[in-house]
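Participant: Chain by chain, the residues:
Number of protein chains: 2
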Amino acid sequence: MKKSISVSQQVVPCPVWVIGSYSKEGIPNLMTAGWCGVCCSVPSCIAVSLREATLTYENIMERKAFTVNLPSLQYISEADYVGMESGRNADKFSKLGLTAVNSEIVDAPYVAEFPLVLECKVLHTFKIGLHTQFIGEILDMKIEEMFLDDTGHVAIEALNPLVYIPQINAYHTLGGKVGQSYAIGNKHR
Amino acid sequence: MKKSISVSQQVVPCPVWVIGSYSKEGIPNLMTAGWCGVCCSVPSCIAVSLREATLTYENIMERKAFTVNLPSLQYISEADYVGMESGRNADKFSKLGLTAVNSEIVDAPYVAEFPLVLECKVLHTFKIGLHTQFIGEILDMKIEEMFLDDTGHVAIEALNPLVYIPQINAYHTLGGKVGQSYAIGNKHR
Numbered sequence: 011m012k013k014s015i016s017v018s019q020q021v022v023p024c025p026v027w028v029i030g031s032y033s034k035e036g037i038p039n040l041m042t043a044g045w046c047g048v049c050c051s052v053p054s055c056i057a058v059s060l061r062e063a064t065l066t067y068e069n070i071m072e073r074k075a076f077t078v079n080l081p082s083l084q085y086i087s088e089a090d091y092v093g094m095e096s097g098r099n100a101d102k103f104s105k106l107g108l109t110a111v112n113s114e115i116v117d118a119p120y121v122a123e124f125p126l127v128l129e130c131k132v133l134h135t136f137k138i139g140l141h142t143q144f145i146g147e148i149l150d151m152k153i154e155e156m157f158l159d160d161t162g163h164v165a166i167e168a169l170n171p172l173v174y175i176p177q178i179n180a181y182h183t184l185g186g187k188v189g190q191s192y193a194i195g196n197k198h199r
Numbered sequence: 011m012k013k014s015i016s017v018s019q020q021v022v023p024c025p026v027w028v029i030g031s032y033s034k035e036g037i038p039n040l041m042t043a044g045w046c047g048v049c050c051s052v053p054s055c056i057a058v059s060l061r062e063a064t065l066t067y068e069n070i071m072e073r074k075a076f077t078v079n080l081p082s083l084q085y086i087s088e089a090d091y092v093g094m095e096s097g098r099n100a101d102k103f104s105k106l107g108l109t110a111v112n113s114e115i116v117d118a119p120y121v122a123e124f125p126l127v128l129e130c131k132v133l134h135t136f137k138i139g140l141h142t143q144f145i146g147e148i149l150d151m152k153i154e155e156m157f158l159d160d161t162g163h164v165a166i167e168a169l170n171p172l173v174y175i176p177q178i179n180a181y182h183t184l185g186g187k188v189g190q191s192y193a194i195g196n197k198h199r
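For the record, the sequence lines run as chains A and B.
First residue of the first sequence? That's 11 in the numbering used here, and the numbers climb one at a time after it.
First residue of the second sequence? That's 11 in the numbering used here, and the numbers climb one at a time after it.
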């Protein structure tokens with residue numbers, strides 16, 4: 011029997027993306043976002059939702075660019091910290107001892123130490139309500155070579171990305187592989 | 011050293027959401043989406059991106075409503091199948107022996123057997139490129155009581171949702187909890 015629960019319990023595995031941006035003054039900033047996902051294959055786009063109150067919102071509105079930095083499990087406390095502290099009160103890169111690399115492709119910094127980076131140019135902004143969606147076209151994707159397998163694909167288990175469960179505020183790792191898509195469903199055809 | 015890889019490798023843990031909709035003729039349909047995520051807290055909204063070629067796109071354009079049905083690991087082959095087969099060629103509910111329940115809140119069906127359901131009304135549609143985003147306001151969220159813990163929160167490990175890794179086409183389970191958000195980052199303050 012199904013029971014209605016609060017709709018604020020968005021019980022979905024969410025990504026843990028650390029968004030890199032420059033302020034008007036050129037100071038690199040980081041902020042963690044969970045309200046995000048892939049939103050288009052052609053062009054390759056992702057959507058990141060931010061509240062207007064955040065410095066990252068202001069920065070991206072100004073610069074029309076951002077990076078997505080995927081933290082591995084190793085950087086869980088850094089990812090959590092940049093989601094709690096405002097860039098208006100702290101220089102988060104310095105505080106964490108992380109290195110801001112200036113993207114050569116978009117007007118935004120990325121985190122040298124994190125294993126995977128997407129460099130994005132803003133195509134659209136859609137105000138939904140408390141949050142505004144930034145639709146970013148992925149212009150390049152960079153990964154530490156040690157996380158590529160022999161076929162040039164991402165070795166996801168080695169990468170060890172975080173997954174976020176809202177409402178219960180829990181970070182999880184990815185579990186084991188349980189099936190291949192476009193394959194395991196064939197038995198129903 | 012970071013290396014550029016194809017931007018089509020959207021290496022993010024993506025949700026596995028089975029979208030329920032009615033056709034013009036009132037036939038319930040299901041389709042799996044991975045290009046989706048939460049996009050706003052107030053109102054509580056999610057974004058689901060679909061290609062125009064899909065029946066689900068046509069259905070949602072017509073009915074302005076859909077459901078999100080979260081499959082547990084138990085339903086992995088069903089979730090995969092409805093992502094491969096078009097509702098134009100098969101009655102997927104019948105083929106899978108799943109039960110279509112008519113939502114009393116929105117003009118869409120949901121899957122009785124799946125553990126968790128969001129009932130959504132379309133607030134906006136944004137055409138990005140190959141994909142169009144449907145922004146759905148979550149009007150209700152229903153869960154099987156057995157997946158609620160003593161405090162009324164979702165027992166995520168019991169729910170056992172799937173996570174999708176695009177490009178390598180892999181379904182994973184959720185791994186163990188590795189940290190509490192707004193907590194584990196405090197040491198950097």
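These are calculated hints, taken from the structure and not from any lab test.
Treat the hints with caution; some may be incorrect.
Any copy will do: because identical chains look the same in the list, a pair fits if it lies in one copy or spans two.
[Unchecked claim] The list that follows gives simulated cross-link-like pairs (lysine-lysine, DSSO-like), each with its CA atoms no further than 27 Å apart:
| id | residue 1 | residue 2 |
| --- | --- | --- |
| 1 | LYS74 | LYS137 |
| 2 | LYS152 | LYS197 |
| 3 | LYS197 | LYS74 |
| 4 | LYS197 | LYS13 |
| 5 | LYS137 | LYS13 |
| 6 | LYS187 | LYS74 |
| 7 | LYS137 | LYS34 |
| 8 | LYS187 | LYS34 |
| 9 | LYS13 | LYS152 |
Participant: Up to 27 Å between alpha-carbons, please classify LYS152 paired with LYS197: within, between, both or neither.
Facilitator: neither (37 Å within a copy, 29 Å between copies)
Participant: Which holds for LYS197 with LYS13 at a C-alpha limit of 27 Å: within a copy, between copies, both or neither?
Facilitator: This pair counts as neither: shortest intra-copy Cα distance 32 Å, inter-copy 39 Å.
Participant: How do LYS137 and LYS13 come out at 27 Å by Cα distance, when the copy is not named: within, between, both, or neither?
Facilitator: Intra 31 Å, inter 34 Å, cutoff 27 Å: neither.
Participant: Checking an output row: LYS187 and LYS34, CA cutoff 27 Å. Within, between, both or neither?
Facilitator: neither (43 Å within a copy, 38 Å between copies)
Participant: When no copy is specified for LYS137 and LYS34, does a C-alpha distance of 27 Å or less occur within a copy, between copies, both, or neither?
Facilitator: For LYS137 and LYS34, the Cα distance is within 27 Å only inside one copy (22 Å; across copies 30 Å).
Participant: Measure nothing new, just compare the shortest in-copy and cross-copy C-alpha distances for LYS197 and LYS74 to 27 Å and report within, between, both or neither.
Facilitator: neither (46 Å within a copy, 32 Å between copies)
Participant: Up to 27 Å between alpha-carbons, please classify LYS74 paired with LYS137: within, between, both or neither.
Facilitator: The answer is both: 15 Å in one copy and 19 Å across copies each meet 27 Å.
Participant: Treating 27 Å as the Cα threshold, decide for LYS187 and LYS74: within, between, both or neither.
Facilitator: neither (37 Å within a copy, 35 Å between copies)
Participant: First find the shortest C-alpha distance between LYS13 and LYS152 inside one copy, then the shortest across copies, and answer within, between, both or neither for a cut-off of 27 Å.
Facilitator: between (44 Å within a copy, 5 Å between copies)
When held up to the earlier numbered hints, the structure conflicts with 2, 3, 4, 5, 6, 8 and fits the remainder.
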